[in-house]
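2 protein chains.
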Amino acid sequence: MLLRSLLLLLAIVAAAPRCVADDGYRLWLKYDLVADATQRAQFRAVAQYIAASGNDVVLKTAAAELQRGLQGLLGQAVPVVAAAPVGTQRGVVLTINPTANVFGSSTSRDAYHIAPQGRHLAVTGRSGAGVLYGVFALLRQLQTGQAIANLTLTSSPRIQYRLLNHWDNPNGTVERGYAGASIWKWNELPQRLDPRYTDYARANASIGLNGVAINNVNASARYLTPEYLEKVKALAGVFRPYGIRVYLSVFWAAPKVIGGLKTADPLDPQVQQWWAAKTEEIYRVIPDFGGFLVKANSEGEPGPQDYGRNHAEGANMLAAALGAHDGIVMWRAFVYKAGSDDRFKQAYEEFKPLDGKFAPKVLVQVKNGPIDFQAREPFHPLFGAMPRTPLVLEVQLTQEYLGMATHLVYLAPLFKECLNADTQTQGPGSTVARVVDGSLDQHRLSGIAGVANIGADRNWTGHPLGQANWYAFGRLAWDHTLSSAAIATEWTKMTLTREPRAVASIVDLMDRSRDIYVRYTTPLGLHHIMGQNIHYGPEPWLAQAGRPDWTAVYYHKADSAGLGFNRTATGSNALALYSAGVQQEWGDPQTCPLNYLLWFHHVGWRQPLPTGRSLWHELVTRYYTGADSVTWMQQRWASVQPAVDAALHADVAARLEIQRREALWWRDACVLYFQTYSKQPIPAPFAPPTRTLAEVKNLVDLYQLK
Amino acid sequence: MLLRSLLLLLAIVAAAPRCVADDGYRLWLKYDLVADATQRAQFRAVAQYIAASGNDVVLKTAAAELQRGLQGLLGQAVPVVAAAPVGTQRGVVLTINPTANVFGSSTSRDAYHIAPQGRHLAVTGRSGAGVLYGVFALLRQLQTGQAIANLTLTSSPRIQYRLLNHWDNPNGTVERGYAGASIWKWNELPQRLDPRYTDYARANASIGLNGVAINNVNASARYLTPEYLEKVKALAGVFRPYGIRVYLSVFWAAPKVIGGLKTADPLDPQVQQWWAAKTEEIYRVIPDFGGFLVKANSEGEPGPQDYGRNHAEGANMLAAALGAHDGIVMWRAFVYKAGSDDRFKQAYEEFKPLDGKFAPKVLVQVKNGPIDFQAREPFHPLFGAMPRTPLVLEVQLTQEYLGMATHLVYLAPLFKECLNADTQTQGPGSTVARVVDGSLDQHRLSGIAGVANIGADRNWTGHPLGQANWYAFGRLAWDHTLSSAAIATEWTKMTLTREPRAVASIVDLMDRSRDIYVRYTTPLGLHHIMGQNIHYGPEPWLAQAGRPDWTAVYYHKADSAGLGFNRTATGSNALALYSAGVQQEWGDPQTCPLNYLLWFHHVGWRQPLPTGRSLWHELVTRYYTGADSVTWMQQRWASVQPAVDAALHADVAARLEIQRREALWWRDACVLYFQTYSKQPIPAPFAPPTRTLAEVKNLVDLYQLK
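Those protein sequences? They're chains A and B, same order as listed.
Read in order, the letters of the first sequence are residues 1 to 706 in UniProt numbering.
Read in order, the letters of the second sequence are residues 1 to 706 in UniProt numbering.
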């Protein structure tokens with residue numbers, strides 16, 4: 001008996017393919033054997049089979065994923081059967097039931113309900129996707145070491161369209177990508193389907209994402225050609241079993257470039273016909289196509305304004321082209337022109353007047369802040385200002401302005417800060433989250449988009465902890481009330497370790513990391529003072545660029561008197577774009593949160609702040625303590641070494657050392673540069689930088705060399 | 001006893017880390033357990049330990065690599081000991097012995113000798129690197145299933161400097177790279193060393209490569225800054241234990257860009273001082289630095305001609321800067337200017353007069369052909385024409401003009417065709433190989449360079465069989481007398497399968513693949529008729545470009561009379577650059593090999609060829625049979641399915657389907673386009689294309705869209 005068991009075990013173990021170390025490829029879906037034998041036995045008792053019937057393709061995916069997960073976690077084969085067998089065996093029953101009265105008040109097709117049902121554990125969804133999300137929730141319970149025997153869990157997403165936006169180019173590069181080349185291999189499609197596409201879809205589905213805009217918003221027209229639609233169709237075919245729909249970023253001038261028309265005027269009947277016919281063609285090829293994402297009349301991209309039309313006229317034309325198809329238009333509000341007095345105001349000025357003018361299928365996609373994914377921005381003034389228009393919140397997972405793939409910056413606190421911000425447009429509690437999820441204005445449609453941080457690097461995100469930002473985005477897209485610490489805890493347990501003290505240390509480290517980053521780069525509301533074009537390292541002295549609003553001095557406005565952008569009524573008056581309550585709080589430098597101070601006020605160098613220090617003293621303090629905090633992060637990370645995979649630990653440790661070095665670089669660059677205006681010494685107890693401003697500039701310059 | 005054995009086996013098997021499938025990462029260094037138990041037992045008997053003593057770092061690498069290989073292949077632990085133990089155990093003894101009389105006539109420090117020595121198998125090298133190469137040769141014996149007990153093998157490289165050239169950019173892209181992003185992570189260096197760097201070095205050492213130029217020849221000056229030299233130092237530190245030296249491509253204007261000088265004139269004393277000081281700085285940081293690779297006054301790059309100096313004056317200045325250091329200058333001859341009558345002649349015209357003018361440390365690096373890595377070129381006329389200058393042969397492993405990463409094209413036949421070409425400059429037998437290995441002109445220095453096809457894709461080269469081109473380059477750099485089939489056989493056995501029929505089929509497929517590619521793209525000596533800029537797909541109609549010699553019509557010169565570039569005395573007379581014997585053969589269209597016909601002759605459409613067909617008939621025949629041959633390749637590949645890893649087989653099968661489609665694309669584009677000049681029908685038995693030229697052009701155009 002022992003011999004037979006051993007032989008069996010040997011066969012099982014030997015059959016498992018081999019490889020080197022944990023290289024991060026499996027993300028949070030590791031499904032390693034549950035280490036605690038008691039717990040494993042408990043899990044095994046309730047998961048002896050999986051019952052799932054019917055032909056729903058996503059339900060089949062759910063059953064297969066649950067099987068895969070359980071086999072890994074429990075170390076036993078778990079058969080998938082059509083129906084729960086008679087007898088005493090306990091299993092998990094997966095059911096689609098659109099009319100069941102178990103999903104609470106939500107009407108979402110993605111809702112699921114998990115509950116004991118006789119001797120079984122039932123996972124019920126309103127759709128196959130609902131079951132799939134329920135299955136991943138169930139696996140998450142196991143992965144994080146929670147009991148499942150009496151699990152009762154009802155959940156549904158607060159936001160309907162939960163998308164990743166890939167800024168991936170046809171040539172395989174990724175705009176603002178720091179994790180290698182694009183994962184899409186256009187020259188191989190449609191004939192070859194990289195197995196990675198499936199693992200990508202699995203990861204997205206596991207966190208509730210249901211849409212992917214696969215190409216850069218600075219779009220090529222080629223995606224709309226028959227040749228490329230066959231490629232897109234192949235990807236859509238991989239994603240469909242995971243409940244994920246494909247969206248395309250469109251090049252506005254496509255009717256001219258590939259359609260042979262003389263114009264791309266949205267009011268031109270030929271143009272309208274071209275888009276209608278093209279849309280029909282797309283749906284013939286991809287019946288569940290999600291819709292269009294559009295960047296128009298922004299940063300050199302063509303758009304309806306080229307023909308004297310506005311954004312609504314452009315978006316509505318595309319919405320009309322969608323006709324009766326179940327698709328949407330996501331029209332980006334990220335627009336700014338050269339020569340304006342304050343870039344902060346432009347999206348608002350162009351879009352606010354259009355509120356109520358957009359067709360029902362159009363959502364306007366708004367970045368979290370008014371400038372461009374800075375480490376900290378006040379919420380975008382369009383939130384709350386367009387009650388008749390559903391607004392998509394666009395956040396950035398790729399760390400364009402947040403240290404790329406070498407700085408550990410956990411972004412959930414940034415996302416939460418925006419979601420929790422109170423626009424006060426309909427009284428207190430008019431949070432950005434309620435604008436975005438549609439509850440504030442009772443919108444039928446709601447959406448959220450994350451600019452992906454994913455590339456072909458083996459571990460997907462370059463920085464191993466960048467995976468947590470992908471994860472956190474999906475979890476918040478599903479439920480924006482989750483806390484950033486709770487999400488970090490889930491992710492850490494699934495991905496890094498379940499040792500309780502290590503988990504607590506890592507979560508603490510993650511949850512503080514974004515504030516630390518702000519401190520050593522752009523404290524007190526500084527913004528857009530980073531290296532030109534590459535957005536790497538500091539360059540507060542940047543005064544000449546293609547446009548004034550691409551410089552740094554445009555934003556920090558340092559002079560002998562003080563520092564900061566006066567956006568009050570005596571300045572650009574961008575503050576007037578916000579509701580009265582917000583204006584009142586932020587308009588007075590005494591009540592304005594220090595985090596936003598220099599966003600709205602030009603403050604004297606010697607001006608005392610509520611901290612008891614002068615602006616200069618506080619600024620220097622934050623740069624120095626921010627940089628010092630990276631050393632604290634290093635120590636924290638060192639302390640968890642025994643609990644984390646050795647190669648992964650070393651990887652993160654090395655990146656933290658880079659981060660420490662670059663934090664000092666930021667600190668020295670900024671205090672030395674701003675000192676040329678403040679004319680004050682570095683206050684005690686801080687030691688002045690040991691290098692000169694010229695030396696730091698030199699270091700910055702070389703990273704800009706051809 | 002059985003129980004104990006089983007428990008032990010279980011422990012061994014369970015300890016092996018797990019992963020998914022064979023994803024190609026391990027290249028040809030798989031070291032999987034030898035399947036044949038008898039053979040395994042024989043191997044085990046002679047490899048019970050590894051003896052290696054001393055502190056030579058490369059010798060230590062050799063011992064570790066042998067240990068790793070033997071443990072994998074034999075499934076038993078093989079200890080490394082300082083000296084062979086007394087007793088009867090048989091083992092492998094690794095020794096450095098610079099003065100041993102066992103290496104034959106070679107004076108190379110890289111030479112090795114393997115032979116039985118008492119009960120041991122001795123691997124002796126003139127240096128640690130020699131031992132390392134010997135160890136890999138020994139492992140190759142095992143991997144290819146050959147006996148080792150009485151193995152006697154003496155080998156030394158015919159070429160001294162065996163380099164990969166990486167066209168990798170600082171931003172992580174790779175110029176003409178088709179396997180993802182650069183493997184170098186500049187923002188992570190020097191703090192983080194990707195484990196991949198080590199695996200890269202292992203692979204190179206295993207095929208005898210001993211140098212790496214890590215950055216694009218279109219070079220950034222930043223690599224010469226102290227900041228970047230620290231990064232380069234870190235890479236050099238990874239490579240050193242594998243006997244690999246680092247070289248840098250240099251930006252000629254660096255003294256201006258990072259040195260603050262007003263000029264980069266090589267005769268300016270300040271410039272000379274700057275380079276001398278910079279070189280000293282490099283050697284302080286990297287004591288075994290290999291030297292400089294230079295692309296100057298070519299395709300917009302700056303160079304000595306900007307100051308009225310010639311290439312020799314530029315190269316010699318750098319050679320002087322190297323001083324007594326053991327480094328070299330590889331100065332590229334790939335130069336051409338706008339407005340010349342025939343680009344074919346330019347490198348010759350600029351460099352031939354400089355023969356004898358280069359300093360002893362300078363090698364001139366010449367591409368295999370006179371244009372630019374076309375699928376087939378006549379050998380470069382500089383080979384044999386510069387007897388007083390050591391010439392480095394530069395070949396391209398990345399398939400810039402050969403179907404990128406979707407076409408299966410095994411390149412050893414291309415390399416061999418050039419190496420075996422007889423320049424006849426010193427009578428018959430004056431082969432390019434003998435020019436390059438220095439034997440023809442008794443040069444002290446010799447070199448060969450392959451432009452790498454390596455990227456961060458998991459399998460390194462995109463196309464799984466692209467690995468064979470990396471492998472073949474290394475093997476031919478070591479010994480250019482090896483046959484392409486022999487190399488393909490080695491590689492296939494190590495990488496894909498050892499099933500004899502499958503090996504034979506794969507080797508046959510590989511060895512014919514390049515001729516097939518030529519047939520369906522550029523038969524009979526056509527060249528440079530590919531898609532503009534991206535070099536993807538056909539574009540023979542390209543008539544407008546930034547320069548005439550970037551078009552296609554410049555090269556094929558199709559007209560109503562015929563096709564081809566008249567390079568005889570009645571034309572550009574490029575033929576005159578070759579020796580008399582070559583001129584005689586190639587100058588007469590009756591004796592010119594058909595493979596080079598349209599390189600040198602404008603041939604009438606109805607002109608009969610030695611095949612019995614007219615030019616037009618032959619041209620169409622080759623396009624059609626070439627495209628048909630891809631179907632043959634598919635069938636051949638399908639036949640080996642049972643013998644090859646399933647995922648890998650499917651990958652290659654999918655790429656072959658892309659190749660079939662694109663072969664038809666090439667065929668249709670070219671026959672339809674040239675038909676507009678020949679005015680003749682597609683001859684029987686070939687069926688005319690079912691699409692129009694306009695349709696094919698449309699397909700080409702969309703791949704050029706922004």
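One or more hints might be untrue.
One copy or any two copies: either way a pair holds, since identical chains are not told apart in the list.
Derived DSS-like pairs (lysine-lysine); straight-line CA-CA distance at most 30 Å [to be verified]:
no., residue 1, residue 2
1, Lys557, Lys352
2, Lys706, Lys233
3, Lys262, Lys697
4, Lys357, Lys337
5, Lys233, Lys697
6, Lys337, Lys352
No lab work stands behind these hints, which were simulated from the structure alone.
Hints versus structure:
1. For the identical chains of this complex, Lys557 and Lys352 are intra-copy neighbours only, at 28 Å inside a copy versus 60 Å across copies, given an alpha-carbon limit of 30 Å.
2. Proximity of Lys706 and Lys233 under a CA criterion of 30 Å is satisfied inter-copy only: 21 Å between copies versus 38 Å inside one chain copy.
3. Taking CA atoms no more than 30 Å apart as the test, Lys262 paired with Lys697 passes between copies only; the shortest distance there is 20 Å, against 48 Å inside one copy.
4. Taking the shortest Cα distances, Lys357 and Lys337 sit within 30 Å of each other inside one copy (22 Å), while across copies they are farther apart (57 Å).
5. Only between protomers do Lys233 and Lys697 lie at most 30 Å apart by alpha-carbon distance; the minimum there is 23 Å, versus 49 Å within a single protomer.
6. For the homomeric pair Lys337 and Lys352, the shortest alpha-carbon distance inside one copy (16 Å) is at most 30 Å, but the shortest distance between copies (55 Å) is not.
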